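2 protein chains.
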Amino acid sequence: MARRRLFTPGPTEVPWQVREKMSRPLIHHRTDEYRKIQGETIEGLQWLMRTKNPVLLLTCSGTGAMEASLVNLTRPGDQVLVTVVGKFSNRWKEIAEAYGLDVVAVEARWGDPVSPRDVAAALDANPDVKIVFTTHAETSTGVLQDVKTMTQLAHKHGALIVVDAITSLCAEEVETDAWGLDVVIGGAQKGVMIPPGLAFLTVSDAAREGMERAGHPVYYFDLVRALKSYEQGDTPWTPGIASVVGLHESLAMLKAEGLENVKARHAANARATRAAVQALGLELLASAPANCTTPVVFGEGRADTVRKHLNDVYGLRVAGGQAQLKGKIVRIGHLGHYFEADMLMLMSAFESTLKDLGMVDSVGRGVEAMFGEYHQK
Amino acid sequence: MARRRLFTPGPTEVPWQVREKMSRPLIHHRTDEYRKIQGETIEGLQWLMRTKNPVLLLTCSGTGAMEASLVNLTRPGDQVLVTVVGKFSNRWKEIAEAYGLDVVAVEARWGDPVSPRDVAAALDANPDVKIVFTTHAETSTGVLQDVKTMTQLAHKHGALIVVDAITSLCAEEVETDAWGLDVVIGGAQKGVMIPPGLAFLTVSDAAREGMERAGHPVYYFDLVRALKSYEQGDTPWTPGIASVVGLHESLAMLKAEGLENVKARHAANARATRAAVQALGLELLASAPANCTTPVVFGEGRADTVRKHLNDVYGLRVAGGQAQLKGKIVRIGHLGHYFEADMLMLMSAFESTLKDLGMVDSVGRGVEAMFGEYHQK
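Residue numbers (this note's numbering), protein chains in the order written: chain A, 2 to 378; chain B, 2 to 378.
Calculated directly from the structure, the hints in this document are not laboratory data. One thing to keep in mind: the hints can contain errors.
As the list makes no split between identical chains, a pair holds if one copy fits it or if it spans any two.
Derived lysine to aspartate or glutamate pairs resembling EDC-like cross-links, with alpha carbons at most 16 Å apart [unchecked claim]:
#1 LYS256 to GLU41
#2 LYS309 to ASP33
#3 LYS309 to GLU34
#4 LYS88 to GLU108
#5 LYS53 to GLU176
#6 LYS157 to ASP125
#7 LYS157 to ASP129
None of these values were measured; they are calculated from a predicted model.
Model the full structure from these sequences, guided by the hints.
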């Protein structure tokens, strides 16, 4: 049985340094020792998210943080705009509908981002839109959206903007303060390389004001209460202590690498993967590719055969398609703790898989293209 | 600096076997390997909670699971009964009020349980009560409530009963099916000895029917959706993979010990601690003591002095009082992975602390009483 590794868009591999820290005896959360770790972790997230705004830690998956932002910023009947370009951005629509909001959905083909022009037109046609809920990198399609421009449009309209950056953090520019993002949401099992179970979000002054006027019942996800606890260096409920200890370590690793280097590494991994896939004559799904994951289009049925073979024979797990893309794509994850050697390993096993399955005649073109991309002058 | 250990009612010490399993490379959740672990973990929870009902895993703290049960079982304006005997049982009242319910609160002095007679009278006076939300063991006061009798009263009234057993599981009889409990809630960092960040709850057939008729907006905590995923061996959102892996291991440890032995061990630890505290001439807070934690009453200010000294000099962390009991009590935790030698260590250091602070003349009476309780014929 082959040694197994994850090349999935989430969960991503958790570095041994992080797992080692998380495996130490638990410390109690109402202690100075824990408060120091939590405080430094929040500072680390502010560094990562490029913001001076408060960053709230929530014990839940990323979906919980999405719901928390929406519940705390809206009242029933409020008009909001969502951008739907895949499974996870569609979740904004689902949550907004669950809470009885008036939803303006701007959609694009799965594989494309929404056009800022379409967003501008939708805002013009819907003057009551109070908040734009959008997705920076759509995990199900590997597409990057132009959040910076959407923010300008939203603010010009007098609306707030809430950004799901769960899959873009570490891999893309996320300039919370410079772009004026009101809420930015991140999650555990992605670029910050810890196991799932923790989410976090930033809150701008304008978002905080909005939260104080919001109008749904809420308790566990009450962000006004969480902000009050935050000011005391605390959380309203027992925090995910081990997750925070792990995040403290992973942020230290990212800081040691340097944020520009982290982003450049993700960009290089993504470019090299795309170059290799194209050299193999395969089709890329995303017209505006993000650096988190590279979806590769296969004929119906073949995607899952490739994925299964790569896992069973070579021990490397990549993701498949979801919802309307089920069975049609393979998603190669390169968000997180992946370096050139890891990607070369993945690509050589990927090519070997295609050769095993009779889908290519020889092995090496993908690796050659990948090497060329990493080492171009 | 002394070697540190937790004797807190939660988080409790995480056994090294559990930490070791949790520190292994992460597995992906959409795999047969993970589904097998999750399936066995759910079977283990059914064994622990004495039920054939579905057990849902939620990625949140215990408070999130409390809210989930309430949101999924009620409509705005519904009349519900809550029992308020301390900080955590009061949370039922807070959540119910946040959701606009008509709350009938049966209260008792912090240190006592509510009397089933008071519950019966409140139900008689309020024929519209649809659900009773109660707390089995109240962590803030160490009090055990008579859930079995309350269940009979609730059912006779035609109401469902939802039980917060977060602190009672492993330490007390929790007979979900035999008593007919509709929803039973458990949490990670308590008797099941894993780090905080996971909660779970059982759903009876009647509760499931109630959930299908409920009427609040909900998404992350949508238990009808979670039940559908459950039937596929799945969860609606990314689960706390490492937490489930840890819980799988801790349940295996509890099973190897045997459920009756686990409960008898907790009962013995609690009896021995109470005997020692009384031998030292100190006052116990709880009139109906639970086996999870033993709160000891001190004069104003002295409780925190004792707690700090025991931590700083001997490395053993116990909990203090909360809300109206702040500064007035010390809570010795013995829920989780604590055996006779652990309790003897705690008690000898506790006595030594009292001697250091001039509160007793000699050391040994507490340990003697504790030993006597463990070894009585």
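Each hint tested on the structure:
{"no.": "1", "hint": "LYS256 to GLU41", "in the structure": "within (12 Å within a copy, 39 Å between copies)"}
{"no.": "2", "hint": "LYS309 to ASP33", "in the structure": "between (48 Å within a copy, 12 Å between copies)"}
{"no.": "3", "hint": "LYS309 to GLU34", "in the structure": "between (45 Å within a copy, 14 Å between copies)"}
{"no.": "4", "hint": "LYS88 to GLU108", "in the structure": "within (12 Å within a copy, 47 Å between copies)"}
{"no.": "5", "hint": "LYS53 to GLU176", "in the structure": "within (11 Å within a copy, 50 Å between copies)"}
{"no.": "6", "hint": "LYS157 to ASP125", "in the structure": "within (11 Å within a copy, 59 Å between copies)"}
{"no.": "7", "hint": "LYS157 to ASP129", "in the structure": "within (13 Å within a copy, 51 Å between copies)"}
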